[in-house]
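**Student:** Construct all of the structure, not just a fragment, from the sequences and the given hints.
The listed protein sequences correspond, in order, to chains A and B. Residue numbers for the first sequence follow our numbering, so the first one is 1 and each next one is one higher. Residue numbers for the second sequence follow our numbering, so the first one is 1 and each next one is one higher.
Please keep in mind that the hints were generated in silico from the structure rather than gathered at the bench. Yeah, the Cβ is synthetic: ideal placement off N, Cα and C, and Gly gets one too. Be careful, since some hints might not be right.
[What the hints assert, rightly or not] Cβ-to-Cβ under 8 Å is the rule here; a few derived chain A residues that face chain B:
id : residue
1  : A24
2  : A30
3  : V31
4  : V51
5  : A55
6  : R64
7  : L93
8  : F124
9  : P125
10 : V207
11 : E212
12 : Q214
13 : Q220
2 protein chains.
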Amino acid sequence: MTVHEHGRYSTGVEDLPYRSVPEAAVGRLAVYLRVLTSMIEQGVTTMSSEVLAGAAGVNSATLRKDLSYVGSYGTRGVGYDTARLVEHIERLLGLTRHHSIAVVGIGNLGHALANYPGFPDRGFPVTALFDLDEDLIGVPVGGLPVDHVDSIPAICAEREVTIGVICTPVPAAQGVCELLVAGGVRCILNFAPIVLQVPDDVEVRRVDLAVELQILSFHQVRRCNGNGVGPVVEPIDPIAVSR
Amino acid sequence: MTVHEHGRYSTGVEDLPYRSVPEAAVGRLAVYLRVLTSMIEQGVTTMSSEVLAGAAGVNSATLRKDLSYVGSYGTRGVGYDTARLVEHIERLLGLTRHHSIAVVGIGNLGHALANYPGFPDRGFPVTALFDLDEDLIGVPVGGLPVDHVDSIPAICAEREVTIGVICTPVPAAQGVCELLVAGGVRCILNFAPIVLQVPDDVEVRRVDLAVELQILSFHQVRRCNGNGVGPVVEPIDPIAVSR
DNA sequence: GCGACTTTGTTCCTGCGTTCACAAGCGGCT
DNA sequence: AGCCGCTTGTGAACGCAGGAACAAAGTCGC
Ligand SMILES: NC(=O)c1ccc[n+]([C@@H]2O[C@H](COP(=O)([O-])OP(=O)(O)OC[C@H]3O[C@@H](n4cnc5c(N)ncnc54)[C@H](O)[C@@H]3O)[C@@H](O)[C@H]2O)c1
Ligand SMILES: NC(=O)c1ccc[n+]([C@@H]2O[C@H](COP(=O)([O-])OP(=O)(O)OC[C@H]3O[C@@H](n4cnc5c(N)ncnc54)[C@H](O)[C@@H]3O)[C@@H](O)[C@H]2O)c1
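**Tutor:** Shown next as C-alpha cells:
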C-alpha cells in the first residue's frame, strides 16, 4: 500500500516546508488543535499566542516556535486567525486524509473505544473490530460487527487500516501485533502493559495507565517528603513568605 | 539531610538519596518495574542491564543511569537481583503505600476502569466512584456503589483518596476537578480532552487518545513523504506486502 | 589463588528542546 | 498620514536528557 500519487491533494502536504519537527512539538500541536476547534465553536476568530498558550498550558514562546514549524501564518499586532491555523496544523499532522482504525480485543476497554464517537469525529473512523471470543464474532459493537482475529491481515489490508489499537490481555498482544503488521498496519496504539517488539518501520505508542498512576504516586510521595531529606515534614522552603 | 553512604539502607523512605530524578526516568522506571515483576513470575532472579533494557525497549546505558537514581544495587559481572531491584524501584516510586483511587464519570470508559483488576493488583485500590446520573447512583460497579458527584469532597477526604480519575464529558471535567481538589486530591488523571486549570500543588496527567492518534497520523504521513526535503521520496523496496 | 571476562556505575559529550529577549511588522488611533 | 503600542517570529543561550566509552569491581574458570 505505497502511497504513490499524493499529487491529487494539490493543497496537499508535499509543498509544506516541514523539516525536523520535534517529537514533543507534534504532541503539543495536537493539543493546540483541540483548543482552537473548541474556540472556533465559541465564535473566536483570532487568538494571540499568549491566550492560546494559556489555554493549552504551555509557555507562549514554546507555542510560537511550535507554530513556526507549520509556517508563519500569524499577523503581528493581532494574533492568529483561528480557522486558518487549524487548517495548517491539520495539514501538518496529516489529518487532511482519514485514517482507518482497527480495534483488537473487544473487552471492557475495546467496547469503550469502539463506541467512542470522538474518534470518527476527528477523522479516525473505526472500520474493523476483532476478537478471539466466538461469542463476540458477528456481534455488532457500535454498529460494526466483530471479526475473528485470524482475518486481521486480510481485512486490514482490504479496508486500508492505518492504525491498529490493541486492547487484548498481555499474553495475546505480541501475536496480535504481528497480525496487524502482516496486514500492512504500521501505526499501533497499545493498551496492553507490555513492550511490543516490532520492525523498525512500525511506530508503536503505548498507553500504560498503571505507569501514569505510578508517576503520580512518585510526585505525591515526593511532595510529602519535601526534597527527600528527612522525615515527612512540611515544605522547608518558605516560598509562601514573599519578600 | 546528609546523604550518608548508601551501602546501608533502612526500610524507610526518608533516607533515600533521591534528588532530581528526571521526569522521563520516572516513567521508564515504572516500565522496568513491570518487566521485572513479569520476569520474577517466570523465575528469573538475575538480569543484566542489557537484557532488561532490551525487554523495556530502551538503551542499556539509559537504563543503568535510571537505576543509578534509585541507588547502586547491581553486582558487577553478574547483573541485578530482580527481587531487590523491584523493591527499591517500588520504594522510589512511593509504591510502598497504597494509593486510593476515585473514578468520576462512570460511563463507557469509567466502567472499564472501575472493573479493571490491574489497578488494585498494583497497589491502587479503587475506593470511590462518582457520577451525576441518578440511575447510576447506588448501583455497584466492580463491587463498589456509585456515589453522587456532590459528595466528592466529603467522601474523598474521608477515604483518603490520593488520585482522582476524570472520565466525564468535557464540559463537566473542570468542575469535577475542582470538587476533587476540594476533597484534598492532589493527583489527577484526566481522560477528558481538555487542559484543566489547577492550583500549583496539584499534578495533572492527561491521557488524550485523540492526540495519540494524531501523532501516529503525523508519522504515517511523514513516512510516506520521506524526510520532507524535496518531493515525495519513495522507499525503493516496499515491504513484501501484497498490493 | 589468580587471571580473564563480564557487567556495572559514571563521566564526558553531543544534540535537542525550552526559554529568554528583541527586532521586525502590522493595525489602530489621533 | 504618521506615530504608538502590541504581537509575532526568530536568534541565541541555557539546561537537560540520551548515548558512547571507559575504569572499577566482582565473579567464574582453572
Ligand atoms: N480495562 C481497563 O480499564 C484497562 C486499563 C489499563 C489497561 N488495560 C489493558 O487493556 C487490555 C484489555 O483490557 P480489558 O479490561 O478490556 O480486558 P478484557 O478482558 O475485558 O478484554 C479482553 C478482550 O480481548 C479478547 N482476547 C483475548 N485473547 C485475544 C486474542 N488472542 N486475540 C484477540 N482478542 C483476544 C478477549 O476475548 C476479550 O474480549 C489489557 O491488556 C489490560 O491490561 C485495561
Ligand atoms: N470512551 C472512550 O473510548 C474515550 C476515549 C477517549 C476519551 N474519552 C473521554 O473520556 C470521557 C468519558 O468518555 P465516555 O465514553 O466514558 O463517556 P460516557 O458518555 O459514556 O460517560 C460519561 C459519564 O459521565 C457522567 N457525567 C456527566 N456529567 C457529569 C458530571 N458533571 N459529573 C459526574 N459525572 C458526569 C455521565 O453520567 C456518564 O456516565 C469523555 O471526556 C471522553 O471524551 C473517552
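**Student:** Give a verdict on every hint.
**Tutor:** We went through each hint and held it up to the structure:
1. A24: violated (10 Å)
2. A30: holds (4 Å)
3. V31: holds (6 Å)
4. V51: violated (13 Å)
5. A55: holds (6 Å)
6. R64: violated (18 Å)
7. L93: holds (5 Å)
8. F124: holds (5 Å)
9. P125: violated (11 Å)
10. V207: With a minimum Cβ separation of about 6 Å from chain B (threshold 8 Å), the hint on A:V207 holds.
11. E212: With a closest approach of 5 Å, the A:E212 hint holds.
12. Q214: holds (4 Å)
13. Q220: holds (5 Å)
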